[in-house]
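With the hints as extra help, turn the sequences into a complete structure.
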Amino acid sequence: MGYRAAGALAAMLCCRAIDLVFTASGSRVYDEHSLSHAFRDVHTGRTHITQNWEFNAITYGLIALRLESDNPLLKVGSPIL
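At position 19 of the sequence shown (counting the first as 1) the number is 19 in the UniProt record's numbering, and the numbers step up by one without a gap.
Hints in this document: simulated from the structure, not taken from any laboratory. Keep in mind that the hints are not guaranteed to be accurate.
To be verified - The calculated label-pair distances, taken between Cβ atoms and stated as ranges, are: (1) R16 x L67: 28 to 34 Å; (2) Y30 x L62: 39 to 45 Å; (3) G7 x R40: 16 to 22 Å; (4) I63 x L13: 18 to 24 Å.
Since the structure is predicted, the reported quantities are computational estimates derived from the model, not experimental observations. No residue lacks a Cβ here, since even glycine has one placed at the ideal position from N, Cα and C.
Below is the structure:
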């Protein structure tokens, strides 16, 4: 698996884990609690295009099948490359 797809998968799994912990904590979590900060940080980080599982998994699959990818991050001159 490519590093972009692996990173996006890790971000998705972290989101699932923090969601489970956050839900299980019930009313003990409030705005100032460190778990609340972790919840917001993980979910905010996952919204970045480089951490989007669906987008990166499709790109990885297309490249693995030697098909053209429409991923703008892989184009020559992309600010991310």
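Worksheet item: Looking at the structure, which of the earlier hints fail to hold?
Response: As far as the earlier hints go, not one is violated by this structure.
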